[in-house]
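Colleague: Take the two lone chains, each set in its own frame, and fit them into one complex as the hints suggest.
One line per chain: the protein sequences are A and B, in this order. With the numbering used here applied, the first sequence covers 2 to 162. With the numbering used here applied, the second sequence covers 9 to 257.
Incorrect hints may have been included.
[Claimed, not checked] Pair by pair, the computed Cβ-Cβ distance ranges are: (1) B:I251 x A:W9: 16 to 26 Å; (2) A:K57 x B:T235: 17 to 27 Å; (3) A:Y43 x B:E220: 48 to 58 Å; (4) B:E168 x A:D116: 30 to 40 Å; (5) B:I251 x A:M58: 17 to 27 Å; (6) A:Q115 x B:T216: 22 to 32 Å; (7) A:Q115 x B:T181: 33 to 43 Å; (8) B:N153 x A:N61: 25 to 35 Å; (9) A:N61 x B:E236: 34 to 44 Å.
Derived from the structure by calculation, the hints contain no laboratory data. Glycine included, each C-beta is placed from N, C-alpha and C at the ideal position.
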Amino acid sequence: MLTTNEIWQALEVVKDPEIPTLSMVDMGIITKVEIRGESNVYVEMTPTFTGCPAIKMMENMVSDRLKEIGITTVEVITTFDKPWDSNKLTARGLICLKKHGLAPPVKHEGEITQDLLAHVECPFCGSKNTEMKSPFGPTLCRSMHYCNDCLQAFEGFKPVV
Amino acid sequence: MNHIKELLYKMADDLLILGHRNSEWTGLGPILEEDIAFSSMAQDKIGQSQTLFQLLHDLGEQEPDTVAFTRNANQFHNAIITELPNMDYAFSIMRHFLYDTADQLRFDMLANSSYEPLAKVARKVKGELKYHVFHANTWVKKLGNATEESHARMQTALNEIWDDALGLFEESTFEEQLIKEGVFVGEVELKNRWLAIISPILSDSMLTIPHESTWKPNIGGRVGKHTEHLQPLLDEMSEVFKIDPTAEW
Chain A
2 MLTTNEIWQA
12 LEVVKDPEIP
22 TLSMVDMGII
32 TKVEIRGESN
42 VYVEMTPTFT
52 GCPAIKMMEN
62 MVSDRLKEIG
72 ITTVEVITTF
82 DKPWDSNKLT
92 ARGLICLKKH
102 GLAPPVKHEG
112 EITQDLLAHV
122 ECPFCGSKNT
132 EMKSPFGPTL
142 CRSMHYCNDC
152 LQAFEGFKPV
162 V
Chain B
9 MNHIKELLYK
19 MADDLLILGH
29 RNSEWTGLGP
39 ILEEDIAFSS
49 MAQDKIGQSQ
59 TLFQLLHDLG
69 EQEPDTVAFT
79 RNANQFHNAI
89 ITELPNMDYA
99 FSIMRHFLYD
109 TADQLRFDML
119 ANSSYEPLAK
129 VARKVKGELK
139 YHVFHANTWV
149 KKLGNATEES
159 HARMQTALNE
169 IWDDALGLFE
179 ESTFEEQLIK
189 EGVFVGEVEL
199 KNRWLAIISP
209 ILSDSMLTIP
219 HESTWKPNIG
229 GRVGKHTEHL
239 QPLLDEMSEV
249 FKIDPTAEW
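The shape of chain B in the complex, shown without the other chains (with noise of 0.2 Å):
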């Protein structure tokens, strides 16, 4: 059972550590309706995790709740892009489209996993997702052929946040059995998938792609190895949490 412990726990991080940093827009989104669309997908995310935490229970992990706030920085399973600060608004919805399109490409694989407690989640989840996709879509597009800074601002956030994506697809030391037993196709793939879908997009928008010869993927979140980020954030997050750990909600 490691190995799908291991999925659950990098899937459900992602979504609770990216969901917090959506959830920083709320109150400072650049129009009503974007506060609202980061706001929205924050709850989204953070219901997501919650419902991967509560499979990982199941498998006799600890409480969602206590394995959402109570963990250190070096025991989270979450890919560094979903632990960056929000910086500019460029850098949010690149980062959200190059994420967001990965995880609905994973959920969507998943919902024909063989570990069918997953595969019923993730049927339920990847139609959600597909809101998110639209949603960045229509913003990278928008974005990159909108004015010349605007194009300039997110091919900076392209560049700066290459490697970082490619974070997303460091592989497992379960990889193998994973896709052995038919539980997921695997990072290899979903990166495959993954380039096949964003490209086409990014050039429609006027984006560039860094040159394959440059990328070096940042891995290690899968391990446990953050960035300087990530503590402030669980600290952020754990705040009111840890006040009363046993408060009734």
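Okay, chain A solo, but in the shape it has when bound (with noise of 0.2 Å):
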């Protein structure tokens, strides 16, 4: 039988939908895995936004992830029990997004300011001689900025609280 341990290895090739370096593991997402019993895993996932559109094929993902290391019984759900947060993220999920091209998300305090949007790092080459030119970008967890320095538009990863 798996350990929990196992299990949680095996969700980290399960890959977040709109970026393909960073896993659900690493982004945080998943906050609870429990075996129930021989090849029975309840799983508890909660959503970057509300109005995610990904959360029905995550919840299909991992579900699909699980099945194939020889688990049958697999129930997943999305609840807002731990709500999720952008400090979440892990030191590997960091380091994914910059690989994407994402300035990963500044470090909050319980509390997001405009100012703490204003001079994210560039991910290309690392001046916080940057500007946010929009606080929405292609998708709900993702702003705009643009670094004055290499005079590239790139995109941020929304710090939430």
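Modeller: If you want it as structure tokens, here you go:
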């Protein structure tokens, strides 16, 4: 029988559908894994944003992955019991975001202010001489920025409380 | 539970209807970033409304899709401000500012609600709405202080929409019960806090709130009395759903 640790490890290959370098585990959206019996696993997830259209798809991806490693009964539910916030991204998750060309979210201390978003570090050249062009981007979890040093537009992953 | 259902319905309907109005800017925004901003806010709001409809479903109401797509205008509880057509960009930005500031406050307050399922959702949603408010504040200040024309259009929008904005705080017949049970602090308290927040931002933007003696809150939306603008919106929104209500998406 698999251990909870092995289940977590198995889930590390399930990637965010929008950011193929980032696993859902590193994203911090899988909040609970529970073995409920021989070949019976229960998983809780929580979305980055309430309106995220990928929730159903991600539930299915988790379920498919666990079936792939031989679990026959899988229950995946999405709850707000432990809501996601951007500090839940793992250190590896932050590196993965950068690799994908996305500025990782600034660590917050319980409050998001406009100042926190004003000079996000450019994921290409590392400069902080940047400005936010819009708090909205191609997906709900991203904002749009411009680097005045390397003259590149880039996207940032929004900090969320 | 009727008091909680009523609260959830009006919040969910506000989000659904304004979410739909926001989506009407998709492809038509004055600049690309704004097109994306209104489309993103639409997605946020419709997602948030779905979550509230799910809470209603947990309380015995019908499925979220059924509730969203099969009611007629007189069964909707949204405030009138949310159903008005987009008009020009100044109007859309002003509505966005007045509504989203109120909504963020509402969810902030509900994060401490004694009704735990709603409190959980509110703790999440309030963080998302922060970005809507940032966006609104930026544009109100920018347009209020830019050219004579942009300022004039923003002031006109504020004058036109003010009474509709006050309609957001139409009191429910369950007001007392909601307050007493600690579910929600009530519309009066919400309105006072809202006024305290929007007033300095508007004055920084050189915009003037109409004189209090002229205020006539445009109420009725919460009890299903709507303008002629709501039914066509609902017809359009539910057009695809109604072709095949049992379709799997």
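Colleague: Hint by hint, say whether it matches the structure.
Modeller: We went through each hint and held it up to the structure:
1. At roughly 43 Å, the beta-carbon separation of I251 of chain B and W9 of chain A lies outside the given 16 to 26 Å, and the hint is violated.
2. The given range of 17 to 27 Å is broken by K57 of chain A and T235 of chain B, whose C-beta atoms sit roughly 35 Å from each other.
3. The beta-carbon spacing between Y43 of chain A and E220 of chain B, approximately 56 Å, falls within the hinted interval of 48 to 58 Å.
4. Look at E168 of chain B against D116 of chain A: about 33 Å separates their beta carbons, and that is inside 30 to 40 Å.
5. Between I251 of chain B and M58 of chain A the CB atoms are about 24 Å apart, so this pair conforms to the stated range of 17 to 27 Å.
6. Checked against the hint of 22 to 32 Å, the pair Q115 of chain A and T216 of chain B passes, with Cβ atoms roughly 24 Å apart.
7. Between Q115 of chain A and T181 of chain B the Cβ separation comes to about 39 Å, which falls inside the hinted range of 33 to 43 Å.
8. A hinted range of 25 to 35 Å for the beta carbons of N153 of chain B and N61 of chain A is inconsistent with their spacing of about 49 Å.
9. The given range of 34 to 44 Å is respected by N61 of chain A and E236 of chain B, whose C-beta atoms sit roughly 43 Å from each other.
Checked against the numbered hints above, the structure breaks hints 1, 2, 8 and satisfies the rest.
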